[in-house]
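Trainee: Here the protein sequences come in this chain order: A and B.
No gaps in the numbering here: position 220 of the first sequence is 219 in numbering that gives the first Met the number 0, and each next residue is one more.
No gaps in the numbering here: position 212 of the second sequence is 211 in numbering that gives the first Met the number 0, and each next residue is one more.
Worth flagging that the hints you see were computed from the coordinates, not collected in a lab.
Among the hints, erroneous ones may be present.
[Claimed, not checked] Below are the BS3-like pairs computed for lysine-lysine, each with C-alpha atoms no more than 25 Å apart in a straight line:
(1) A:K296 with B:K189
(2) B:K189 with A:K219
(3) A:K134 with B:K6
(4) A:K18 with A:K296
(5) A:K219 with A:K268
(6) A:K106 with B:K134
(7) B:K6 with B:K189
(8) B:K219 with A:K219
There are 2 protein chains.
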Amino acid sequence: MTILDGKLVAAELEEQMGKEILSLKEKTGKVPGLTVIIVGEDPASQIYVRNKDRMAASLGVNSHIIRMSEDVGEAAIIAEINRLNNDDDVDAVLVQLPLPARYDTWKILDYLDPSKDVDRFHPANIGMISVNRTKIYPCTPFGILKILERYNINLSGKHAVVVGRSFIVGKPMAAMLTNLDATVTLCHSKTSNLGEIIRQGDVVVAAIGKPGFVTADMVKDGAILIDVGMNYLESEADVMALCEEDQIKKFRKRGYGITGDIHKDAFKKSSYYTPVPGGVGLTTVTMLMYNTIQLFKQRRGIS
Amino acid sequence: MTILDGKLVAAELEEQMGKEILSLKEKTGKVPGLTVIIVGEDPASQIYVRNKDRMAASLGVNSHIIRMSEDVGEAAIIAEINRLNNDDDVDAVLVQLPLPARYDTWKILDYLDPSKDVDRFHPANIGMISVNRTKIYPCTPFGILKILERYNINLSGKHAVVVGRSFIVGKPMAAMLTNLDATVTLCHSKTSNLGEIIRQGDVVVAAIGKPGFVTADMVKDGAILIDVGMNYLESEADVMALCEEDQIKKFRKRGYGITGDIHKDAFKKSSYYTPVPGGVGLTTVTMLMYNTIQLFKQRRGIS
Numbered sequence: 000m001t002i003l004d005g006k007l008v009a010a011e012l013e014e015q016m017g018k019e020i021l022s023l024k025e026k027t028g029k030v031p032g033l034t035v036i037i038v039g040e041d042p043a044s045q046i047y048v049r050n051k052d053r054m055a056a057s058l059g060v061n062s063h064i065i066r067m068s069e070d071v072g073e074a075a076i077i078a079e080i081n082r083l084n085n086d087d088d089v090d091a092v093l094v095q096l097p098l099p100a101r102y103d104t105w106k107i108l109d110y111l112d113p114s115k116d117v118d119r120f121h122p123a124n125i126g127m128i129s130v131n132r133t134k135i136y137p138c139t140p141f142g143i144l145k146i147l148e149r150y151n152i153n154l155s156g157k158h159a160v161v162v163g164r165s166f167i168v169g170k171p172m173a174a175m176l177t178n179l180d181a182t183v184t185l186c187h188s189k190t191s192n193l194g195e196i197i198r199q200g201d202v203v204v205a206a207i208g209k210p211g212f213v214t215a216d217m218v219k220d221g222a223i224l225i226d227v228g229m230n231y232l233e234s235e236a237d238v239m240a241l242c243e244e245d246q247i248k249k250f251r252k253r254g255y256g257i258t259g260d261i262h263k264d265a266f267k268k269s270s271y272y273t274p275v276p277g278g279v280g281l282t283t284v285t286m287l288m289y290n291t292i293q294l295f296k297q298r299r300g301i302s
Numbered sequence: 000m001t002i003l004d005g006k007l008v009a010a011e012l013e014e015q016m017g018k019e020i021l022s023l024k025e026k027t028g029k030v031p032g033l034t035v036i037i038v039g040e041d042p043a044s045q046i047y048v049r050n051k052d053r054m055a056a057s058l059g060v061n062s063h064i065i066r067m068s069e070d071v072g073e074a075a076i077i078a079e080i081n082r083l084n085n086d087d088d089v090d091a092v093l094v095q096l097p098l099p100a101r102y103d104t105w106k107i108l109d110y111l112d113p114s115k116d117v118d119r120f121h122p123a124n125i126g127m128i129s130v131n132r133t134k135i136y137p138c139t140p141f142g143i144l145k146i147l148e149r150y151n152i153n154l155s156g157k158h159a160v161v162v163g164r165s166f167i168v169g170k171p172m173a174a175m176l177t178n179l180d181a182t183v184t185l186c187h188s189k190t191s192n193l194g195e196i197i198r199q200g201d202v203v204v205a206a207i208g209k210p211g212f213v214t215a216d217m218v219k220d221g222a223i224l225i226d227v228g229m230n231y232l233e234s235e236a237d238v239m240a241l242c243e244e245d246q247i248k249k250f251r252k253r254g255y256g257i258t259g260d261i262h263k264d265a266f267k268k269s270s271y272y273t274p275v276p277g278g279v280g281l282t283t284v285t286m287l288m289y290n291t292i293q294l295f296k297q298r299r300g301i302s
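Build out the structure end to end from the sequences listed, making use of the hints.
Mentor: Written as structure tokens, this is what we have:
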């Protein structure tokens, strides 16, 4: 039962990236540029965007945030995207999701220049992942890939069970695992025999959003467990039942505890697992910076 | 054990399409236009292209074949694609695959205008399938979908096992089945426990290219078996072991027999199955015409 330490993986990548950005600056006179568009006042999104900006600053990425009011209108958002598509100093553009409900998210994302689409949600980029023609992936599954690589976990021939079919995690993760020669089963809310299927997983990726959903009886001994969930619990009973010791202590201080989609007792049966917090979540913003650097190099033909 | 009759499904669709094309002609003064580019002299491809042209003609699709010599060069192929992209009378463009080995297939396909890409192999179209934003699919998995629909087979909650991860069949099929609420396992040459996994399939789609590969012991009683294989056997022993009675008779006359990837004894355990020949193969060219009509309507804003 080895912990897959997301903090360690992120720190190592960030150190490499800091050096790489310096070296790119020496070579080209430029640093990678990331611009984030945020529409509206969603508090969680505001925090995410601030975290992205902070990490960019700490690595030397040229980072900008464009804040638009909730009622700015589709045309204004699209005009801003077009402006960024045509700005040579901008390598990477991100539209913070979710957009306010009044907007057609796909319609807006389609305006991103695929070569600046740092989240990789443009259909052309999704397609390139499916057919294994790119090595740049959406940040969350890319972070998982980097964690697995760091711990030398070979996926060829393994049965990977991915639970959750979002375009942000589950679908790209399934495609990436298939291209790494895993046999992949993609499960979701309509899957009838979820326990039976998860129990076959040599690797299980849980991206469900339900605290402790994957219980110990649902996993096979020695499985590799990847927990994408990040659930905030405020009831003491839930925290006691689902959280690890350190989160129980934190609950006593701050009134909430954090847990993932995989129950702590399931981790005990695993060969490797990503804890929550401390696992996948810590690599996501790191991979955003990683993608920004890749897009910078790709646009300038630097290998 | 009900036969899923590809010939019947194709005939019904063709009848509908013939009527629809007449009605579109009345409404718009135009008929859907399909142009196929074929490079080189591959005999099988020549036959496929001729069959496509014949069906187009029989339905009233405005069909053209552009034949280019094997050594015509990449620039000439791309120039032809660009010309067709800009020709308003052309709704659908198909580059017959495989291209001769000297060409970079993906590079050439990327030049297709996604809105005229009738095979749906452009990355933007592959991505749209993955995230369930289109109802136009690559012809072979689309034919399978139409067969399943015709026989009122509901996929929600079923475990579908797709064997083969090509971009032509396996990958789009897996994405389509996921979007139809099936739980999908995508298997391939690196899958270690194929029998065990196929045996779980409520639906099995075999696109492997190995005669009789899926044997009776590998399928569950009552499974729905979809056979995408089309294997030509010339040895009498193989024909006797693998072919149905009618193909054994044909072998005696013409020296070869046809069989799929699923063994005839496996079909006996099924609830429904697509025979080979007479199943999936017969719907592929039909769906090419279907897609041509959809692209015609999409470009002209006709619902």
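Trainee: Hints first: check each against the structure and report whether it holds.
Mentor: Verification of the supplied hints:
1. A:K296 with B:K189: Violated. K296 of chain A to K189 of chain B sits at ~33 Å, over the 25 Å cutoff.
2. B:K189 with A:K219: 21 Å, holds
3. A:K134 with B:K6: 42 Å, violated
4. A:K18 with A:K296: Holds. K18 of chain A to K296 of chain A sits at ~15 Å (cutoff 25 Å).
5. A:K219 with A:K268: With a Cα-Cα distance of about 7 Å, the restraint between K219 of chain A and K268 of chain A holds, given a limit of 25 Å.
6. A:K106 with B:K134: Holds. K106 of chain A to K134 of chain B sits at ~17 Å (cutoff 25 Å).
7. B:K6 with B:K189: Cα-Cα ~34 Å, so violated.
8. B:K219 with A:K219: Holds, at about 23 Å.
Of the numbered hints given earlier, the model fails hints 1, 3, 7; all others are met.
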